[in-house]
Amino acid sequence: MSEAGLSTAAEMAAPPVAALPPEPGALRAFWRRFSRRRGALAGLVVVVLLGILALGAAWIAPFDPTATDWGAVRAAPTLTHLFGTDEVGRDVLSRIVYGTRASLGAGLTSVALAVALGLPLGMLAGYAGGVIDGAIMRLTDALLAIPFLILAIALAAFLGPSLTNAMVAIGLSATSIFVRLTRAQVQAAAAEDFVEAARAVGNPPWRIALHHILPNIVPAILVQATLTIAAAIIAEASLSFLGLGQQPPEPSWGSMLNTAKNFLDQAPWMAIWPGLSIFLAVLAFNLVGDGLRDALDPRERR
Amino acid sequence: MTASPPLLDVRDLAVAFDTESGTVRAVNGVSYTLREGETLGIVGESGSGKSVHVLAMLGLVPRPPGRITGGQVLFRGRDPEGHDQARDLLAMPERHLRRVRGAEIGMVFQDPMSSLNPAMTVAAQIAEPLRLHLGLGAREARARARDLLDLVRIPDASRRLDHYPHEFSGGQRQRVMIAIGLACRPKLLIADEATTALDVTVQAEIVALVQELKREIGMAIVWITHDLGVVAGIADTVQVMYAGRIVERGPVDAVFSDPRNAYTLGLLRSLPDLSRDRAGRQRLRQIEGSPPDMRHPPPGDPFAPRNPFATPRCRTEAPPLAQVEGSVPGHLAAAWYDLPALLAAGAGR
Amino acid sequence: MRPVKPEPLLSVRSLSKHYPLRHWWGGKSSVFRAVEGVSFDIAPGETLGLVGESGSGKSTIGRAVTMLNPPTSGSVAFEGVDLASLPARAMRRMRRRIQVIFQDPYAALNPRMSAGAYVAEPFRLHRPEMGGAERRDAVAGLFQRVGLDPRFAGRYPHQFSGGQRQRLCIARAIALKPSFIVADEPIAALDISIQAQVVNLLQDLQEELGLSYLFISHDLRMVRYLCHRVAVLRRGRIVELADSDTLYEDPRHPYTRALLSAVPVPDPAAERARLRATRESPAAVLPEAGALEEVAPGHWVARTVGV
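Residue numbers (UniProt numbering), protein chains in the order written: chain A, 1 to 302; chain B, 1 to 349; chain C, 1 to 307.
Read the hints as simulated data drawn from the structure, not as lab findings.
One thing to keep in mind: the hints can contain errors.
[Claimed, not checked] Straight-line Cα separation of at most 20 Å, SDA-like style, residue types lysine to any residue; simulated pairs:
1. K214(B) with R276(C)
2. K214(B) with A277(C)
3. K214(B) with L275(C)
4. K261(A) with A271(A)
[What the hints assert, rightly or not] Incomplete in silico selection of chain C near chain B, CB under 7 Å:
5. S73
6. M113
7. V199
The C-beta atom is built at its ideal place from N, Cα and C for all residues, glycine as well.
The whole structure should be built from the sequences, with the hints applied where relevant.
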């Protein structure tokens, strides 16, 4: 074929491409879909604010969260102590602000651990199949048979009470969710033509898994991770409430609730603020997760 | 021929879809009529509006994202008192439209597997419109269902009545769909790519079946397809659609032998000739470029950017669909250029 | 007239693909013979058409000769090397020479890989020594070759039309200058106004690169146009194999005749005549296909069995 033919072919086909309107970047398109949802946007604002509280606790909190003031024990909210004080005179606002660290930290760390373990195991199960798949899946089935919170409590009790151990316990308990999800996603993706096309150009299996399957399952994992963070925040609060998480005097919303339950009539603010914080954080992560799900759903794309 | 009022009179129908990335003007002012007993073949590619405009007139376009932005669809069916009367399908309440769809206009779609309910026997599915629209009893409906299976030439009909869709072959499932479509003796049968998913030998059987049924029942047919060959054999009138408009329409012989729109010509010329030796063959005459993005259709004639015969006017002003001079009455084309003259002068190779 | 017969590029012998069938309550298991005893050669620069209806096994053959779904038995010799006995690593290297174009260009492109990365992948896999700039130039050249603007290398599949996507698949397939491409219904999913573009492109590439094609299609018109020789498949067996003029003008097997007579003609008078001639009748019961017999040089027809 001649050079002339070559260039005409390109010219012929080029105009319609050029006629396409400039497409917004993938990120822009995603943001447009996400921000259309008020709930998701509100959730994101709360999550960002919580993040700022956690990172900037030292500057934001008006008092040292562990400093006691025997002159103001179980003091009702005042202008000095906006959220009141607790049974040993610590500023509740400051403890809430510092408690964000325990809650967000536990949520993020434990889910990161769960994803780090669950994703490779799930990919292995889904892509390798056979005996490996059978072994991994029987194990996760067994773990999934135990309720998430009960498993986390049992593991935390076994590892010993500390915030780190609570995170590990929660992370291990959530792992099986990600193994299952990843496996199902990998199996669905592996049946797609583009995976066969990848084999046809000579991709080795590991490269198909990493370059062709993984990018296509990340959205689903991301959505699940966000929703699991919410569950992990509840789990951390529960463990701390039971004394298996954050150890006194370091603040955590869960352990604050635990103390507060003894003073519900005299000092309800001790319970209201940590309870409200947990509620808000969990709601926010769930809203963001739902928003992500909608924004990343391929069916929404044209 | 007496000028009886048309069975179907589509006037300036326009349909749009609201998507995230803009409004897709899928159908832009489509007007045509269909006589009783006429077979109209509608040809076009995906995005031409050939299927969407039919779904829209039957109230089957999901809203949102779909929107009917204008027009009228007058269908001369029976009104609730049983009189023949032309009524606007677009202005009809959904309750009445449902009746029209099942009883007066039969439909056959591309994929017989997903159009049939896998959990219901074939008898129950054929009987459904009979009981719903004609008020037949269970026994009567079943007897009619058997007759209908006979009608569509499914052998051993009384035994097959209680079979489920998966027990039928693809071609037989499409026969069942046709039986359902014809159950209430509609005046109009609409087939949307009804043979596209079928093998060529099965397609031939279905086309022959529809031809025979038409002779027996005399219903009008709208046959939507992208296959020019099927249209050539089955249609009285052919209508070519591109970018949501009718670009050419006329008696099938006139359009095929003397196309006046460049897109019609391009489609006809791009087909390889089955009867030609490899030695004598020429390179396929391809239509360049791609169909337009209907969110941002080009100004003027939407085919102009791909049209080697386009004139400057084509790029600014959309041509109206008008009677072709020097051809049979009813041969309409939308073109600013004079295709036969250009071809005679040696344009377009 | 006929040139000296060159050594075949691809030689398939007694290829079979069976799938075990087990009744759901675990009763007697049997096998489904998707493909049974199929043999054919493809010469360098030749296009062999594989036609048949759904379930005839034509796509299974395409996937078997490329070892994407290896055959149950039989041999596939490519340039004298038996592909079925190659270890996985060697087979992956062999994929430089053997490529596939898939039916559905919407599904065959990784939605999260840019067009440029997709076309560049063969280089990354098989020419790791290539530098980034060199690779980008090569990709731009391929874009141009298949009629796409290289400036769109950064776009993602959903931003291309069906025809453009198939061009991307073709660009990737020819990246390493293979000698053999299996094209599995490459135009079936494309709009009518785009099909001729893709067929012309495939043909130009064949002339330019000396490619051989196994062209799998149910479009009998396009097969006649594009293919040098044609094999007709029915229920996993070849019923007739001949050069395409012979097959279309002198079909011998009743199934080939039935298939050809069912193709609609885009000419109203001729098509109406054809329809009248082929009045709707229950499909004739065709005999099972047996061994192929050479009825004329290069024209093979299956013997009928059990009649």
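Q. Taking 20 Å as the top limit, are the C-alpha atoms of K214(B) and R276(C) close enough?
A. holds (14 Å)
Q: Please work out if K214(B) and A277(C) have their alpha carbons no farther apart than 20 Å.
A: holds (17 Å)
Q: Would you check whether S73(C) satisfies its interface hint, that is, whether its CB is within less than 7 Å of any CB in chain B?
A: violated (28 Å)
Q) Can we keep the V199(C) interface hint, with Cβ of chain B closer than 7 Å? A) Since the shortest Cβ distance to chain B is 6 Å, the answer is holds.
Q) Was the hint right that M113(C) lines chain B, CB cutoff 7 Å? A) Hint violated; M113(C) Cβ to chain B Cβ min 21 Å, cut 7 Å.
Q. Going straight from one Cα to the other, do K214(B) and L275(C) come out at no more than 20 Å?
A. Holds, at roughly 14 Å.
Q. Quick one, are K261(A) and A271(A) close enough, alpha carbons at most 20 Å?
A. holds (7 Å)
Violated hints for the displayed structure, listed by number in ascending order: 5, 6.
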